[in-house]
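Given chain S, put chain W in place with the hints provided.
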Amino acid sequence: MLTALVFAPTAVALLLLALPARTPLTALRLVWPATAAVELGLVIAVWAGYETGGGRQYEVRARWIPSAGVGYHVGVDGLSLPLLALTCVLFLACAVYSLRETRRVRAYAALFLFLQTTCLGLFVSLDLILFFVFFDLSIVAMYFVIAGWGHRDARQAALQFFLYTFTGSLALLLGFIGLYLAASPHTFDIVELTRQNPLAGRSAYAALVLLALVVGLAVKTPTVPFHTWLPPAHTEAPAAGSAILAGVLLKMGTYGFLRIAMPLLPEAWRRYALTLVVIGVVSVLHGALVALAQSDFKRMVAYTSVNHMGYIVLAVGAAAATADTSAQARSLALTGSVTQMVSHGLITGALFLLAGVLYERGRTYEMAAYGGVAALAPVFAALTGVAAFASLGLPGFSGFVAEFQIFAGSLGPRPLATALAVLGILLTAGLFLRALRQILTGPLRLPDAPGTPRAFPDLRAHESAAVVPLLAGAVVLGITPRFLLDVIEPASRTVLELVDR
Amino acid sequence: MGDMNENPLDILPEVLLAGSAVTGLLLGAWLPRRRQWLVGLLAALAAGGGIVAAAVAASRPDLTAFGEAFTVDAITGTSRIVVLGAVLLVLALFARPFHAHPRESEAYVLLQLSALGALVMAGTQDLLLLAAGYLLASVPAYTLAGFRKDGPGTEAALKYYVIGALLGVLMLAGITLLYAAGRATGYPPLGPALPEAPRALVAAGAVGLLAGVLFKAGAVPAHFWVPDAIQGSSAPAAAFLTTIPKVGALAALLRLGETVLTDGAMPWAAVISVVAAASMTLGNLAAFFQDDVKRLLAYSTISQVGYLLLPVAVAGRSVLAQPALLYYAAAYAVTNLGAFAVVCALPRATRLADYRGLVRHRPLLAASLVVCLLGLVGTPPTAVFVGKLEAFSAAFDGGHGWLAVLAAVNTVASVFYYLRWIVPAVSRGDGAAPAAEDGLARSVAYTAAAISLGLGTAAGPVLPVLGGSLAA
Chain S
1 MLTALVFAPT AVALLLLALP ARTPLTALRL VWPATAAVEL GLVIAVWAGY
51 ETGGGRQYEV RARWIPSAGV GYHVGVDGLS LPLLALTCVL FLACAVYSLR
101 ETRRVRAYAA LFLFLQTTCL GLFVSLDLIL FFVFFDLSIV AMYFVIAGWG
151 HRDARQAALQ FFLYTFTGSL ALLLGFIGLY LAASPHTFDI VELTRQNPLA
201 GRSAYAALVL LALVVGLAVK TPTVPFHTWL PPAHTEAPAA GSAILAGVLL
251 KMGTYGFLRI AMPLLPEAWR RYALTLVVIG VVSVLHGALV ALAQSDFKRM
301 VAYTSVNHMG YIVLAVGAAA ATADTSAQAR SLALTGSVTQ MVSHGLITGA
351 LFLLAGVLYE RGRTYEMAAY GGVAALAPVF AALTGVAAFA SLGLPGFSGF
401 VAEFQIFAGS LGPRPLATAL AVLGILLTAG LFLRALRQIL TGPLRLPDAP
451 GTPRAFPDLR AHESAAVVPL LAGAVVLGIT PRFLLDVIEP ASRTVLELVD
501 R
Chain W
1 MGDMNENPLD ILPEVLLAGS AVTGLLLGAW LPRRRQWLVG LLAALAAGGG
51 IVAAAVAASR PDLTAFGEAF TVDAITGTSR IVVLGAVLLV LALFARPFHA
101 HPRESEAYVL LQLSALGALV MAGTQDLLLL AAGYLLASVP AYTLAGFRKD
151 GPGTEAALKY YVIGALLGVL MLAGITLLYA AGRATGYPPL GPALPEAPRA
201 LVAAGAVGLL AGVLFKAGAV PAHFWVPDAI QGSSAPAAAF LTTIPKVGAL
251 AALLRLGETV LTDGAMPWAA VISVVAAASM TLGNLAAFFQ DDVKRLLAYS
301 TISQVGYLLL PVAVAGRSVL AQPALLYYAA AYAVTNLGAF AVVCALPRAT
351 RLADYRGLVR HRPLLAASLV VCLLGLVGTP PTAVFVGKLE AFSAAFDGGH
401 GWLAVLAAVN TVASVFYYLR WIVPAVSRGD GAAPAAEDGL ARSVAYTAAA
451 ISLGLGTAAG PVLPVLGGSL AA
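Protein sequence lines correspond, in order, to chains S and W. Just so we're aligned, residue 1 is where the first sequence starts under the numbering used here, counting upward by one. Just so we're aligned, residue 1 is where the second sequence starts under the numbering used here, counting upward by one.
Isolated chain S, as found in the complex (with noise of 0.2 Å):
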């Protein structure tokens, strides 16, 4: 079952560009949003047949590499399962979004629906190496999004996006080869590894195996100070490249601290768990404030991207303290992370394809360049509204029921960090805001710049059918979390029963 929801999007990709030249080009456009529906129900039918509570489920072991350890291993539990669903919502918006696409139509699809299987595999993989391979794959993918259908720098921006991201994932790899080098019998197994927990009492090489993955997990999340690379790429990329880089490539960082550094190396986290703490808050506070200062739109999503990362960090570095805090606010941190990671991606991708649509119009992300775009298409200035109160975490929408639990959580253990990290909300409400006045209100203002159109067409309904899904859900989450959160509460506490040990 997996396996088919991973690779289905990679074959259909081949046989995408196996197609005759003479196919129409209806035909190749239908392709990949209906490739991206299947998926979907495919994610559904998997949660359905979760069974809340029963940890791993749908698992697959098959031998691969043996004598290297590497075996082919998967599956999902309250940690991967709302990710898995977020990847195929947000892919599916992307495929809708770029129904009009005209350049070179075939290659984007493929490249997408392999960039699909990357990160579907990346979440459900139970070893190492598979983990691996689906990490750098995406990057491989992402690159080629962003230098072959981004905007005017696009190439720097790649360049700069691959040898970042490329350098977190070489230490990961040297993190990884620590590990297996430790594990007895030599595996790369997650599951095994975490059972062996082959580092216990040996500080100094786990120190080393830790730096290595959260040096490669925080280039990806990106956190302070290896962001750099995320405006620029960020800016450059084509919108639905933004709306995944930021609302699922970014998770796999996070979801990396969960799934490999906590239960994998837990003496080491929680003696270095203060770190990420300040990292975090570092991250909050800087993302928030050079957002702050931004004149770019895209941009300045892009720096409240590392701020919301900053609070899942946060939030993993809080969940380790042991000392004095209930077992409950430790496990409400790490669910409310999970939360994050998926009611950022929603709202994230939403205003990214928001971002996309201004930019198709005017031609331009310069905030200052707009002005009154609310009179002349209002539903664009609604949707910009709503996802901008989401994402400074209103309540009543997704985004407030992430940041409260993660806050509740991490009060008790970090007060003065979570205090701090607080401070980043009052600065993203200021931004938004400050956005949103600046574009959808005042007197009527668009850029003239040679070659672009006059006129400020509202949302078209391909536009709207991306954006309008993403934001219902975040909603739907905001309301009725429930679902979401049964799902991940017992996942959240297997992680603290690991990191405890």
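Treat the hints as calculated values from the structure; they're not laboratory data. Misleading hints may appear alongside valid ones.
[What the hints assert, rightly or not] Using C-beta positions, here's what the derived DEER-type ranges look like:
no., chain 1, residue 1, chain 2, residue 2, range
1, W, 291, S, 498, 46 to 54 Å
2, S, 195, W, 291, 47 to 55 Å
3, W, 264, S, 203, 32 to 40 Å
4, W, 195, S, 155, 52 to 60 Å
5, S, 55, W, 464, 30 to 38 Å
6, W, 360, S, 100, 19 to 27 Å
7, S, 3, W, 199, 38 to 46 Å
Small disclaimer: the values here were computed from a predicted structure and weren't measured. Glycine included, every Cβ here is placed at the ideal spot set by N, Cα and C.
Positioned in the frame of chain S, the structure of chain W alone reads:
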């Protein structure tokens, strides 16, 4: 070992190759120019037969032949299959450019003789035979480097020859010293004798010996010939020079490190790891701003040899070393040949900018190029990824974690120049299709890219075969 084994069937792949080379030389003298491709066909048959024979031999227990001078074990078996497989691919690359060439049959014969030298280097466990293999691998290769008889080709051959001759003499001197120190040239008696011998003598001998073998491997500091020889010689010859002799030399190095020059006799791990570090770093740094594709690949091969030396450095210290080296060598050979095959397929495109728009005219060729270049970076699921994974693991396991970290840093740096080539190839071009094309080379590129992917995903059954123990 009891009786001396002189059964020529034990070295059937080598015998086949030598026989086909000699027959080819005779045939070439009689065949009309348009029919000389028959010599190439004969060579391909010999290589194919050799692969089968090597596979059969690999399924049998290890043995030594000809007074323990030659051993048939996992190292020999894998090197045979890799070298002969590479010969097949290179023959296909030779076929079109050398078709009806006045010296067509000579090209095939030289190729086979040089490959035979590589096989001898890989399989021998006697210093004298190693020297013979070195000469056999080198002399025909000098000729191939200058085969076009043009300015750059002559320069390439001259540089290659002068450095090769110098380091060859050093190697012979080193062998003499080691003989003096250990009173034997065979590895089995030499191994235990050297730790007892005067250290200075062993060290001087080992340095001389390494000079020659590292020259064949194209590693720093014996790498000076690589860029000029590769850029100056024709693309098919360059593909050959950067692949086949290297495999033989690396296999020989691994054997030396495991049995003769172990840490008891000299600081083997320290010496090789410094060479490895220098190779990967200098190769990468020099490759950064190259604009000529062959020169870029030449520097890339220097850095690849650096990674390949990782398991050699920990030979004898980690059980992972041998499978890591053999697997990586196979992965490197096929991936590197794939990249060169793309160069051969587009003989007019010599600079990176000439590849602009390749994806529009030849999407499959562009895809093969991307697979091979990303493969050289070590992106999963290509074969080099598994090779690197194994090599890094071996280095960590052998206590040389710093080397693996350095290799990882270098890998990141190498992404930069490989991308400089990938980017124009996959971006939109100005419309003009490449002028001259070599269809056969194109299929070699497809094949190599497919093998690279297939070997990477099917590493499971391959790796255990490579871990076979050394014949004592």
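Tested hints:
1. Checked against the given bound of 46 to 54 Å, the beta carbons of residue 291(W) and residue 498(S), roughly 52 Å apart, stay inside it.
2. With their beta carbons about 53 Å apart, residue 195(S) and residue 291(W) fall inside the hinted range of 47 to 55 Å.
3. Roughly 34 Å separates the CB atoms of residue 264(W) and residue 203(S), a value that falls within the hinted 32 to 40 Å.
4. One distance hint, 52 to 60 Å for the beta-carbon pair residue 195(W) and residue 155(S), holds here, with the actual separation near 56 Å.
5. A hinted range of 30 to 38 Å for the beta carbons of residue 55(S) and residue 464(W) is consistent with their spacing of about 33 Å.
6. Separation of residue 360(W) from residue 100(S) is about 22 Å and conforms to the stated range, judged on CB atoms against 19 to 27 Å.
7. About 58 Å separates the C-beta atoms of residue 3(S) and residue 199(W), a value inconsistent with the hinted range of 38 to 46 Å.
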